[in-house]
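Using the sequences and the hints, build the whole thing.
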Amino acid sequence: MSPLKATMKWEAIKWWYFIGKRLWIVVLCWALMFLPVPGVHWETTTAGMAVRWLMLLIVLGAGLAALLCAILLMFGFPLFFVSFSPSLKSAIMERGSGYSVGYQVGVRMLYALATYALSAGMVVVTLFASRMYARADIEWMAGISNEHIQYFFLLHINMLPMFVIALPLIFFMIPSQINIKSIYQNKWYAILQSLIIIPLFISVPGMSTVLFLPNLTEGWHIAAVWGVFLLSMSLYILLSIRIINRCSEVNV
Amino acid sequence: MTDAVVIRSVNKTFKRKVVFHDLSVTFPAGRVIGLLGENAIGKTTLLKMIADIIKPNCGDIFIGSERAGLATRARVSFMINPENFYKFMRVKDAVAYYRDFYPDFDYARAMQLCEDFDLGQKWKITWLSKGQQERLCILLCLCRRVEVYLLDEPVAGLDPRFKHESIKAMLANTDDNKTIIISTHLLRDLDSVFDEVTILTRDGVYQAACDDIRAGGESVEQFYLRVTGGNT
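Chains as they are written, first to last, in numbering that gives the first Met the number 0: chain A, 0 to 251; chain B, 0 to 231.
Treat the hints loosely; a few may be bogus.
Result set (DSS-like, lysine-lysine): computed pairs, CA atoms no more than 30 Å apart in a straight line [stated by the list, open to error]: (1) B:Lys-86 <-> A:Lys-4; (2) A:Lys-4 <-> B:Lys-54; (3) A:Lys-8 <-> B:Lys-129; (4) B:Lys-47 <-> A:Lys-4; (5) B:Lys-47 <-> A:Lys-8; (6) B:Lys-177 <-> B:Lys-91; (7) B:Lys-167 <-> B:Lys-47; (8) B:Lys-162 <-> B:Lys-121; (9) B:Lys-91 <-> B:Lys-167; (10) A:Lys-8 <-> B:Lys-86; (11) B:Lys-162 <-> A:Lys-8; (12) B:Lys-16 <-> A:Lys-8.
Here are the computed distance ranges between Cβ atoms for each label pair [what the hints assert, rightly or not]: (13) A:Trp-15 <-> B:Ser-128: 20 to 30 Å; (14) A:Lys-4 <-> B:Gly-68: 33 to 43 Å; (15) B:Asp-210 <-> A:Trp-15: 47 to 57 Å; (16) A:Trp-15 <-> B:Val-204: 44 to 54 Å; (17) A:Ala-11 <-> B:Glu-152: 31 to 41 Å; (18) A:Lys-4 <-> B:Thr-200: 41 to 51 Å; (19) B:Ala-107 <-> A:Ala-11: 18 to 28 Å.
Sample of chain B residues with no beta-carbon within 12 Å of chain A, all distances over it, derived [said to hold, decoys possible]: (20) Ala-39; (21) Gly-41; (22) Phe-61; (23) Ser-64; (24) Arg-98; (25) Asp-99; (26) Asp-105; (27) Trp-126; (28) Pro-159; (29) Lys-162; (30) His-163; (31) Asn-176; (32) Lys-177; (33) Ala-207; (34) Ser-218; (35) Arg-225.
Please keep in mind that the hints were generated in silico from the structure rather than gathered at the bench. Virtual Cβ for every residue (Gly too), placed ideally from N, Cα, C.
Below, the structure is given as C-alpha cells:
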C-alpha cells in the first residue's frame, strides 16, 4: 500500500473511532431539537402550555446537543493539532516507516478539516435552534415592561447554547492541551494556546448575538466582539504555525 | 566485518541532565548484541537515537554508511512500547497497520508468529496482559525485513515458554547482514543469544565478544558485574 493510501486509511479509521461512532447521539438530539412548531399561541390555551413545556424539554435537548458539540470539538481540537503534527503516539510507528512528515501532514490536514467542518456545522445548527427559541420567547417577554430586563433575557437566551459549548471547552481543553504538551515539546506553548482559546470562545457567543440580534446590540458591542474574536483567532493561528514548524523539526 | 551502526562523538542532554558526553561506539553487522548498563544510563535513549526517533544534540550516527535520518528509518526496526498503539486497535489491526506502513513487513510470518505467541487476532490490545502486549511488540518488530533490529527489554514480562519462543523468533532473524541490538537487564535469559555485549557505564563503554568472555571462564553476568563494579 502506498504511503498516501496507508495514511488516508488509518486517519479514516482513527476519525471513525474517535468521532464517527458518537454521531448518532448528536443526530438524535438534533431530531429532538427540531420537533416544535413555532408560531403556536401558547399563552392562553392548554395546548399552548403543552407546547411550551415541550419547548422547555427541547431546550434541554438543545443544551445536550450543544454539550455534545462541545465534546466533539474537544475531540476535534486536540485532533487538529495531533493531525497537524506527528503525534507522539504515532511518531514511532508511522514516522519510523521512513515516509516524510510533510507527506503525512497533508493527508491528516484533510481529515482535520473534515472534523472541523462537521463541528462547525453542528455549531451553526445549534445557533439556528437557539435563535428559534429566542424568537419564541420574545412573545413571552412582551409582557415584561422593563426594556433592560428584556434585553438581558434575550441576550442570554440566545447565547446560552453557545455558552454551554464554550464552558466545557474552556475547562476541559486546557488540561487536554497540556496533556499533549509532549507533542509541542514545550508546555508553555500549550498553556499559552489554551489561554488564547478562552477569549476566542467567549467572543463566539457574543458573535452569535451580533449576528442574530443585530438590532439589540450597540456599535461598541459589535466592535468589541469582533475585535476579540479576530485578535484571538489571529494569535491562535500564528501560534499554531509556530508549533507546526517546531514539530517539523523532527524532535518528537 | 562491516559496521551496522556507527556512533561518533554523540552528546545528548535532556534539559540539564547529560545522558551522553562524547559517546563513540560501533555495532558490527550480522551480530546479536546485548546492550547493557544500569538503570537510567541511556540504553533506551541510545536505541531511540539509532532509530532516529530522537536526535542527538551533536555528533554523528550512521546506519551502515548513511547518516541516521528519514531514509534510514526504513532500514531500522524499533520495538515500540505497547502504549504507542491506538486504544481501539486489536491484534489484527496492529498487524495490518504495520503491513500498510512498512513495505518490508512480512505479513505471513506475522500471522504465523501470532499463532506461536498465542495471540488471538480479535483480541483488543488494551485488554492484553503485559506479557501478551510485549509478545505483540516483539512480533511486529521482528516481522520487518530490515538490516538493524532494536529491541528494548523484549523479554522482561514473559514467562519461560514465551521467552523461549521470542528468542527463537529473534534468532530466526539473524544472518550475515542483520544486526540485532537488545537492551536488557535479564542477562541469564539472553546471554546464550548474544554474540557480543556493549556495556554503558559512567566511565565509558566496554565491548566484548561473548566467546572471549566465556573463554576467560566468566559468564556474561559475571563480566558485567566486574565491569560495572558490582560484587560477583
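Self-check item: Agreement of A:Lys-4 and B:Lys-54 with the hint, judged by alpha carbon distance not exceeding 30 Å
Solution: holds, 28 Å
Quiz item: Is it the case that B:Arg-98 keeps its Cβ farther than 12 Å from each residue Cβ in chain A?
Solution: violated, 8 Å
Self-check item: Consistency of the no-contact label for B:Ser-218, given chain A and a CB cut of 12 Å
Solution: Holds, since 34 Å exceeds 12 Å.
Practice problem: Mind checking the alpha carbons of B:Lys-16 and A:Lys-8 for me, to see if they're no more than 30 Å apart? | Solution: violated, 40 Å
Quiz item: Is the Cβ of B:His-163 farther than 12 Å from every Cβ of chain A?
Solution: With a cut-off of 12 Å, B:His-163 remains clear of chain A, as the shortest Cβ separation is near 27 Å.
Quiz item: Taking C-beta pairs only, is B:Gly-41 more than 12 Å away from all of chain A?
Solution: Its Cβ never comes within 12 Å of chain A, the nearest being 17 Å, so this holds.
Quiz item: Between B:Lys-47 and A:Lys-4, is the straight-line Cα distance small enough, at 30 Å or below?
Solution: holds, 27 Å
Exercise. Grab the minimum beta-carbon distance between B:Ser-64 and chain A and tell me whether it stays above 12 Å.
Key: holds, 17 Å
Practice problem: Measuring Cβ to Cβ, find out whether B:Arg-225 lies farther than 12 Å from everything in chain A. | Solution: Per Cβ check, B:Arg-225 is outside 12 Å of chain A; nearest 35 Å; holds.
Self-check item: Claimed clearance of chain A by B:Asp-99, with the beta carbon kept past 12 Å
Solution: violated, 4 Å
Quiz item: Going by Cβ atoms, does B:Trp-126 stay more than 12 Å from chain A at every point?
Solution: With a cut-off of 12 Å, B:Trp-126 remains clear of chain A, as the shortest Cβ separation is near 16 Å.
Self-check item: No chain A beta carbon within 12 Å of B:Lys-162's
Solution: Correct as stated: the minimum Cβ-Cβ distance to chain A is 24 Å, above 12 Å.
Going down the numbered hints, you'll see the structure goes against 11, 12, 14, 24, 25, while the others check out.
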